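The listed protein sequences correspond, in order, to chains A and B.
Each number in my numbering comes from the position in the first sequence (counting from 1) with 15 added on.
Each number in my numbering comes from the position in the second sequence (counting from 1) with 13 added on.
It is worth saying that the hints were derived from the structure and are not from the lab.
Just so you know, not all the hints are guaranteed correct.
Stated by the list, open to error - Computed far set for chain B versus chain A, every beta-carbon distance over 12 Å: (1) Leu43; (2) Gly74; (3) Gly82; (4) Leu84; (5) Leu92.
Said to hold, decoys possible - Dumping the calculated DMTMM-like pairs for lysine to aspartate or glutamate here, alpha-carbon to alpha-carbon at most 25 Å: (6) Lys123(A) / Glu65(A); (7) Lys123(A) / Asp123(B); (8) Lys77(A) / Glu15(B); (9) Lys77(A) / Glu17(B); (10) Lys123(A) / Glu83(B); (11) Lys81(A) / Asp123(B); (12) Lys115(A) / Glu17(B); (13) Lys81(A) / Asp113(A); (14) Lys81(A) / Glu83(B); (15) Lys77(A) / Asp90(A); (16) Lys77(A) / Glu83(B); (17) Lys123(A) / Glu15(B); (18) Lys81(A) / Glu15(B).
Since the structure is predicted, the reported quantities are computational estimates derived from the model, not experimental observations.
Glycine included, each C-beta is placed from N, C-alpha and C at the ideal position.
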Amino acid sequence: MSDKISKACVGALAAAVTLSHIGPARFVLPAAAEDSFATILAPADGAKLEAKHTYKVEYEVKAAPKVDHVHLFVDGDEVGMAHRLKGSFKLAALKPGDHKVCVSPVNKNHTPIGAQACITVTVQ
Amino acid sequence: MEAENILYSGVQIAHNFGAAAVTGLPVAALWFKPAAPVLRKMAWLTLLAWLVQALSGVGFGTVSYFQEGELPQIHHLALAALCVKIACAGLAVTLLTFYFMRRITVARGDAVWRSLAVLGVTALTCAAVLRWFS
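Chain A on its own, in the form it takes in the complex (with noise of 0.2 Å):
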């Protein structure tokens, strides 16, 4: 008995393995990696922003089917999320330097659904 556990167990560990290393998506629309549902109104692109000021984000999104909600990322890091088309997000204050912003229309699932609308702003 224990031996058809341990099978299983080892059956189960082996297909999630695999389902997790199958190579690269083949069923991928291929208009899915090129369209990008988001758009940042403010700040604009290469902004010069404050340190120890607080700033909002504001971003659309196109309704289409697959658009859920969105992710805001701070380079590279998920800082917000938000479930309106239209909106904004509050900004921490930055460290000086430059900063890459992202807002990125996600489905139900999280998944990041065609390309992320990114800003470059300069904090100082």
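Based on these hints, arrange chain B on the given structure of chain A.
Chain B alone, transformed into the frame defined by chain A:
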């Protein structure tokens, strides 16, 4: 779009039933205290349910990867919740394996089911955090 929704739905159905079983079966075992043969069947079902949970959990990522070419964006609290869920599944499968290998005495049976109930409730709680904080 339709195929993607069907795939996500199928995975979600398996995951939901797995979640109900990993929590409900241990609670039922503690509540009704059935005879040993029934308990053993319930233990098998609980093991099956945890395996379904693990595989369907991998399934969410797999569907995203094949449909969108990317894995879900999971960070911070949601990532911690996912790790706790995986740990719960690992612990439950280990515990049940010991149970079936009869390394656990009958006297400690209640402790096993209590532990399984705690693991199930913890995993279910983390599922909500994972859903809404990623």
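Give me the numbers of the hints this structure contradicts, sorted from smallest to largest.
2, 3, 4, 5, 6, 7, 11, 12, 13
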